[in-house]
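Student: One letter stands for each residue in the lines below.
Protein chains: 2
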Amino acid sequence: MSETTSILIKDTTILSDKIKKASILIVDNTIEEISNDLSVTDASKVIDGTNKITMPGLVNTHSHVAMTLLRGVGDDEELQTWLNDYIWPKEAKLDEKLVYAGSKLAMAEMIKTGTTTFNDMYFYMEETAKAVEESGIRGVLGYGMIDLFDDEKRKQEIKATKNLIKNSHNTANGRVQVAVAPHAPYTCSEELLSESKKLANKHNLKLHIHVSETQQEVNDLEKQRNQTPFEYLDSIDLLDENTIAAHGVWTTDNEMKLLKEKQVSISHNPSSNMKLASGIAPVSKYIKNDINVAIGTDGVSSNNNLDMFSEMKLTALLQKVNTMNAKTLPAQATFNMATENGARALGINTGSIKEGKLADIVLVNMNVPHMIPVRNPLSNIIYSALGSDVDTVICDGQLLLEDKKLLTINEEDAIYDAKLAAQQL
Amino acid sequence: MSETTSILIKDTTILSDKIKKASILIVDNTIEEISNDLSVTDASKVIDGTNKITMPGLVNTHSHVAMTLLRGVGDDEELQTWLNDYIWPKEAKLDEKLVYAGSKLAMAEMIKTGTTTFNDMYFYMEETAKAVEESGIRGVLGYGMIDLFDDEKRKQEIKATKNLIKNSHNTANGRVQVAVAPHAPYTCSEELLSESKKLANKHNLKLHIHVSETQQEVNDLEKQRNQTPFEYLDSIDLLDENTIAAHGVWTTDNEMKLLKEKQVSISHNPSSNMKLASGIAPVSKYIKNDINVAIGTDGVSSNNNLDMFSEMKLTALLQKVNTMNAKTLPAQATFNMATENGARALGINTGSIKEGKLADIVLVNMNVPHMIPVRNPLSNIIYSALGSDVDTVICDGQLLLEDKKLLTINEEDAIYDAKLAAQQL
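Respectively, the protein sequence lines represent chains A and B.
Its first residue numbered 5, the first sequence is counted upward by one per residue in the numbering used here.
Its first residue numbered 5, the second sequence is counted upward by one per residue in the numbering used here.
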């Protein structure tokens, strides 16, 4: 941002690691002060926070945002059929322009439903970076590398990632970070995986990868290597605190130990895992084992939206029924997954409302029938809210949504462009 | 309604048993004509249906709507603790005025999220009937009878139901129907259950009951009677096409046969069953066995909202992962559960958009980021939509919601009254 701005959120209910009533002063891109003594003269912009829950912007730790263009493609099909017969043939037709349109539409949706940071893996990521820069959201962007065990392809993929790092890493006032993103152990050669990790280490980047999504994938790897996916990845030194593994549905007890020891973060994607019948991830077991587990939406073809509020509720409900214990994953633990655990996974100073944190903040309207009464704001956010209750969004100190109106994206244009783009797939 | 009204929904995408583009003419409370030849001069009110999905109003087949006042009470607790320590002590303080306020708030929420018919079991149901009459929604209302095996209490409970029948059945132009509602086999004596069924038969009413919600309940009954819940209910002639059994989580194969033979309807409540860790109902097995299965939200304390769109998505996703088959419960089957199966369960001429059906119709806005592109409107409704996408609601030929604004309920008053009421519990 070129000029210093200040925003005061006055007299609000703050939901973070605990609930309190106060005002919040944002200066430039940082939460400067949280107190009851702030006055309207302290800031150039004042937002009335009464009747609102003010919470950290949500962190979506696994997405393929440009897949908005494929919304509704291949519903009610198995993962492999869905990929081979529906998704991949359409993805082969993607180009820069289409990815830009799909990304822009996704950002409109994410901002309107309270997501301020997302961790993405896809193609033509310079285009997604451009959309991030323009829309004001925060993105960790990885080019999804797939070599299918082909040497030539591997070189091209690594080159594409190197270009992305050069072109986009740490741009847009730091809102764009680049990650190294080999797609999965079953689509990437050992060489590609190893080179990926070296590249990530060299530039101090996160490594984002799909692991242990389906039982089939685990069985195949065990046949080939006599190792489970995380054991394999550990054997080639891929696992550490910079690794974000999406899914982790079929993780064994031995792998749990590895994940804890290596401080790997897991991105849990309940809608996708349920819709594609991949399985139910052992989220409560991750938490018991002190493994950092966050939440992701996955791409919209397997969801079919980017609403993190639905994903939070689903995360809690699915673990309760899966463990046959209603006490499993209470509201605060679920909330942490979608906020501070996500921030920790991505290594970004966001995910909670504290002085010194980045000003990534969402205000939720409580004055609607389905949020009344407000006995416990946290309960209302996890179990009652809809993504559409988000009223105001601030990211990096910039106002992106006010009274449900997008300020940095022309919504009508984004919809029009995405409709046209989708017709070409 | 005192005067004949007509509404034309012009040029819309109709989603019912199939998808088609047409206009819809409503005369009085009935769908008079569906065609492409209707003109704006045919009706006194014209609604522009372009960019909208027009679908039947959703049917919520199991609720306790006045429990909106208990939103957020006893989260993350087991069913029995939740009931004994949290819900029942507060319910003991309920009175007419509080139930009216809670019901009115619920109707605001239901209408805004596209529900036009609900099947309710609670206390002070004359108050809920009054709220139904005023708000224009359609309700099947049962007084929840619990005698705890006490003779005196049983007589009082039956008397309360008889009063409700006399006061409220078939009122509000038929929008209020009364059902006989013994709470559950574990809270009602055999005498109460038998008398309930006789009373239902005498007045040709539906019988609404909780059955087989938890494994504990099934185990207890088997110990006491050496019968499973549906076997027991069948042995006292309670099961027939007028029975709506809520939950049905632990239904055995033998019970499946009974349910089919007796044409019992099941109300599936996925959020509640997950949140209270009751279990996963065998929905796809019900469907395979040709048993009519519909969807309910249950009360908001175990959900915590009344949004049937969330419930539809959850129903599909939960069955897919539970059967480990992504093809299980495709979008159309899920849609049918929330519409025509619900209407069949309740014996009301609603749940689909066909000439001669009651005019219970919902228009959903497609022109929002998370509904773009619209490759398949059905997919967008089941997997992408939020309840807040509902734009227009018509029930019994009367417009209840237009441009997301409630026309028959003063939303501000409903919120204010419910907040005050909740403070008394």
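Treat the hints with care, since some could be wrong.
For chains that are exact copies, the list does not tell them apart, and a pair is met inside one copy or across any two.
The list that follows gives simulated cross-link-like pairs (lysine to aspartate or glutamate, EDC-like), each with its CA atoms no further than 16 Å apart [said to hold, decoys possible]:
1) Lys409 to Asp257
2) Lys358 to Asp32
3) Lys331 to Asp89
4) Lys331 to Glu82
5) Lys163 to Glu81
6) Lys361 to Asp244
7) Lys292 to Glu406
8) Lys331 to Glu81
9) Lys159 to Asp89
10) Lys94 to Asp155
11) Lys170 to Asp46
12) Lys157 to Glu416
13) Lys25 to Asp15
Just so you know, these hints were derived from the structure itself, not from any lab.
Student: Work down the list of hints and note, for each, if the structure agrees.
Tutor: The hints, checked one at a time:
no.: 1; hint: Lys409 to Asp257; verdict: neither (47 Å within a copy, 52 Å between copies)
no.: 2; hint: Lys358 to Asp32; verdict: within (15 Å within a copy, 57 Å between copies)
no.: 3; hint: Lys331 to Asp89; verdict: between (41 Å within a copy, 15 Å between copies)
no.: 4; hint: Lys331 to Glu82; verdict: between (32 Å within a copy, 7 Å between copies)
no.: 5; hint: Lys163 to Glu81; verdict: neither (34 Å within a copy, 52 Å between copies)
no.: 6; hint: Lys361 to Asp244; verdict: neither (24 Å within a copy, 61 Å between copies)
no.: 7; hint: Lys292 to Glu406; verdict: neither (39 Å within a copy, 48 Å between copies)
no.: 8; hint: Lys331 to Glu81; verdict: between (33 Å within a copy, 5 Å between copies)
no.: 9; hint: Lys159 to Asp89; verdict: neither (27 Å within a copy, 63 Å between copies)
no.: 10; hint: Lys94 to Asp155; verdict: neither (25 Å within a copy, 68 Å between copies)
no.: 11; hint: Lys170 to Asp46; verdict: neither (40 Å within a copy, 64 Å between copies)
no.: 12; hint: Lys157 to Glu416; verdict: neither (39 Å within a copy, 61 Å between copies)
no.: 13; hint: Lys25 to Asp15; verdict: within (7 Å within a copy, 49 Å between copies)
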